[in-house]
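Heads up: the sequence shown begins at 205 in my numbering, then just goes up one per residue.
Each hint should be verified, as a subset may be incorrect.
Unchecked claim - The calculated SDA-like cross-link candidates involving lysine to any residue, where the alpha carbons are at most 20 Å apart (straight line), are:
| no. | residue 1 | residue 2 |
| --- | --- | --- |
| 1 | LYS476 | PHE565 |
| 2 | LYS229 | GLY239 |
| 3 | LYS352 | ASP407 |
| 4 | LYS540 | PHE556 |
| 5 | LYS540 | GLN561 |
| 6 | LYS476 | TRP464 |
| 7 | LYS352 | GLN431 |
| 8 | LYS352 | GLU314 |
| 9 | LYS520 | GLN478 |
| 10 | LYS520 | ILE465 |
| 11 | LYS220 | LYS237 |
| 12 | LYS369 | ARG304 |
| 13 | LYS516 | ARG405 |
Keep in mind the hints are simulated off the structure, nothing from the lab.
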Amino acid sequence: MVGVPGRSGGCHTCRKRRVKCDEGKPTCKRCEKAGYTCAGYEKPLHFRIAVASASGTASSSSSTSTDQNVIAMHHRNRYDYLQQQTANTVPNSLNLEAFRPDICHAFLFENFVWRSYGQEWLRLAAIGRYSPLALQASLALSQSSFAKFYGQQNVETNASIEYGKAIRALIPQLSNAVSPDSHAQGLLVPVMILLIYESIRQDPTGTTSHVRGMIQLLMVFGPTKFQQQPLRSAFESCRATLITVGIISKRRCFLEDDSWINIPWALDPASKSQQNQLADILVTVPGMLEDDGRLSQQPDPGPHVALVERVKRQLKRAFRWRWHWQELYSATVYEKPASPAPADPSAKSRMFESILQFTEFERATEISLYNAVQMWLIGLLWKIAPSNAPAIIMAAAQPPSTHKDSSAYPYFSSLSLPGMSVALRDPAIEICRVFEFQCANVQHSKDPALFYMLPIGLAYSVLEHQPRFRDWLVSMLDQSPITSKYVIGQNSMGFGFYLSSAGLHEAISVLEESERTTSPGVWHGLQPRQELT
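Using the sequences and the accompanying hints, generate a full structural model.
Written out as structure tokens, the structure is:
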């Protein structure tokens, strides 16, 4: 008998026959003489199961003898021994508490509205590579979004604790950010994360505080501090938020100044994305909306004419952008016949027999935002100069002078070119057609979308009184809980709550008081104008 105590060194056949093996190699002679096939000597792999005592007081010095005792007992009474020990030491279920932050962060990035809005800076914050405060804020956000979606009260409690820690750490740092030399511009990221957190909780007052904090940081540090990544990416997202705030409130945004339009990208002008080029135009809209409200009470035609010229100038910029986009990317869009799956909830309400397709998701985002910019400018033009609006729009839509012949631009009937319409209905419909593509492909996209939901909100305001278009749009929104009920202001997963005037009633009064000491940015309820023809 050799090897492990209690284990025979004989071949498997002799052991099975319970006879003494002569242990001959490669096969034993006893099997040959008896006419059996020798099964050899290869030993199966055996695992030793070491079970820690409940008291945890076993010393390392006795580990060898303990292992031997465990093995011996295992062979004498295997089942009874293990059953007795594991009953006291193995829990009924695994505790996944240690994995909670990772699970919640993974869920956070399933929200494509936040993922595309946050782009790189939100990911860096979530993995702890931005700052400890940003990580704390992202823990609060991810756990709160997870808890709200799945109804996990204990996770929501943990989120509130993390939020409280982040706020306590943020307040003194924000109070000290009174000079460009304080190097506190990095606080912009945790402030934006906490803003999203408050959108989940549907707390306008909390949102107001964080918007005010964003404005304070930008005004203290100026555009030069946001030229390097990832801060520039964070600034781009922040700018998108403040532009939306300005449009909703119809109040001028300080970001319309040329320094804020140019300096953040001055080190690498070519890196300014197509979306940010459109944002350069959109940032002028809040000021024009404010001036329109003020001038409507004045009889003097001079400022009114100047406002028309400003709108015309920005409309030309938008159309010029669109012609340039046509040169660069016309081949990235095409149409395919609609062949909906039986389970497609939007199949019955679809308005077109074909579906727009883009080879790059970001191109779809750009066209959608362009149409939103166009709608704001055309809508304002129809309001302040209704008799001249068609002529102004057609004149602004002409191709640049370098290409008077429109055939120089690759023409694609799938998308409308400048001048094809002077009303709001057509760009609104094109937004819906683009959104249909986005709904089907957004989960696979990692591209940025600074204004993901703004265009579809504008389109709905124009088409909501046409039942077929309204039903089609709502059916697309309802395909995801992230966008469901967005148009009626009841969705907090994608800032939908803040797009209703009722939801922002409290924030309006708070920000009207704060703007005298910080900035003109105010978050009012969005009131897009109806279709104008």
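To see whether the hints hold, each was checked on the structure:
1. Our distance criterion of 20 Å between C-alpha atoms is met by LYS476 and PHE565, whose separation comes to about 18 Å.
2. Restraint check for LYS229 and GLY239: satisfied, since their Cα atoms lie roughly 17 Å apart, inside the 20 Å limit.
3. Simply put, LYS352 and ASP407 have alpha-carbon atoms about 14 Å apart, close enough for the 20 Å limit, and the pair holds.
4. A distance of roughly 11 Å separates the Cα atoms of LYS540 and PHE556; the hinted pair therefore holds under the 20 Å criterion.
5. Under the criterion of a C-alpha separation no larger than 20 Å, the hint pairing LYS540 with GLN561 is consistent with the structure, at around 7 Å.
6. Restraint check for LYS476 and TRP464: satisfied, since their Cα atoms lie roughly 13 Å apart, inside the 20 Å limit.
7. Distance check on the hinted pair: LYS352 and GLN431 sit about 36 Å apart at the alpha-carbon level, beyond 20 Å; violated.
8. A C-alpha spacing of about 14 Å is found between LYS352 and GLU314, which places the hinted pair at or below 20 Å, so the restraint holds.
9. Restraint check for LYS520 and GLN478: satisfied, since their Cα atoms lie roughly 16 Å apart, inside the 20 Å limit.
10. At roughly 18 Å between alpha-carbon atoms, LYS520 and ILE465 fall within 20 Å of each other, so this suggested pair holds.
11. Our distance criterion of 20 Å between C-alpha atoms is met by LYS220 and LYS237, whose separation comes to about 16 Å.
12. A distance of roughly 18 Å separates the Cα atoms of LYS369 and ARG304; the hinted pair therefore holds under the 20 Å criterion.
13. At roughly 41 Å between alpha-carbon atoms, LYS516 and ARG405 are farther apart than 20 Å, so this suggested pair is violated.
Consistency with the previously given hints fails for numbers 7, 13, ordered from lowest to highest.
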